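Start from the sequences, fold in the hints, and give me the full structure.
This is what each chain is made of:
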Amino acid sequence: GPKVLQIPSHQIIDMGQMVTLNCDPVSNHLYFYWYKQILGQQMEFLVNFYNGKVMEKSKLFKDQFSVERPDGSYFTLKIQPTALEDSAVYFCASSMDWGEDEQYFGPGTRLTVL
Amino acid sequence: GEQVEQLPSILRVQEGSSASINCSYEDSASNYFPWYKQEPGENPKLIIDIRSNMERKQIQELIVLLDKKAKRFSLHITDTQPGDSAMYFCAASTGANTGKLTFGHGTILRVHP
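Top to bottom, those sequences are chains A and B.
Using our numbering, the first residue of the first sequence is number 1, and each one after it goes up by one.
Using our numbering, the first residue of the second sequence is number 115, and each one after it goes up by one.
Derived from the structure by calculation, the hints contain no laboratory data.
Nothing here was measured: the structure is a model prediction, and the numbers come from that model.
Please note that a few of the clues may not be correct.
[Unchecked claim] Derived lysine-lysine pairs resembling DSS-like cross-links, with alpha carbons at most 27 Å apart:
hint : chain 1 : residue 1 : chain 2 : residue 2
1    : B       : K185      : A       : K59
2    : B       : K159      : A       : K3
3    : B       : K185      : B       : K151
4    : B       : K185      : A       : K57
5    : B       : K171      : A       : K3
6    : A       : K78       : A       : K62
7    : B       : K171      : B       : K159
8    : A       : K3        : A       : K53
9    : B       : K183      : B       : K171
10   : B       : K183      : A       : K3
11   : A       : K59       : B       : K151
12   : B       : K182      : B       : K171
13   : B       : K182      : B       : K151
14   : B       : K159      : B       : K182
15   : B       : K171      : B       : K151
16   : A       : K57       : A       : K78
17   : B       : K185      : B       : K159
18   : A       : K78       : A       : K59
19   : B       : K171      : B       : K185
20   : A       : K3        : A       : K78
21   : A       : K57       : B       : K159
22   : B       : K159      : A       : K59
23   : A       : K57       : B       : K151
24   : A       : K78       : A       : K53
25   : A       : K78       : B       : K159
26   : A       : K3        : A       : K57
[What the hints assert, rightly or not] Covered stretches of chain A, as calculated for chain B (at least 3 residues, CB under 8 Å):
hint : region
27   : 44-51
28   : 90-98
29   : 104-111
Cβ coordinates follow ideal geometry from the N, Cα and C atoms, glycine included.
Structure below.
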């Protein structure tokens, strides 16, 4: 089936550093999402993105977070600077349409902030 | 509110029996309710979903029920197998129809041979 790819699978960085998480969504999908999952807990919505713009973001999407998809390449989540509480698995998802359409999740990037 | 409550948090069943997971939501405008299965270290995978214009949907051994009036929905796995052991998450879309999903806290299902 359709696959969402995420690079890297693991990232360990020191607090205060910048990190960029990369997502390669399903090729014909137009809507992109980031979710955060702390170990053993549920996925929590961070942000959605369409046509080069953030459509909606949650309270978890702090000012230090930003997303972009320059020229149809990777959909990225950048955190600058990172904090200890940013340690989690970050899942990218994509869908063909808004709302009621299936969201396909990538394998996740495990971010550890020391 | 947008909270989704999910129970139970842990469910242990015998192989061949049924397993039921229940969720409730707050946003009466929610209209899409997917269920995801997540195995350790893996990404969540959609197993079944239901939209607000339906009350029941079945795909093989999976049945989902939706009661819009009570704002509850449930997943029933009939004839469980050890391969069904995983974490299951329910989710509800927000009324704004932007694709944002609010997930329940998850249910760990263990199917014992």
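Tell me the hint numbers this structure goes against, listed in increasing order. 10
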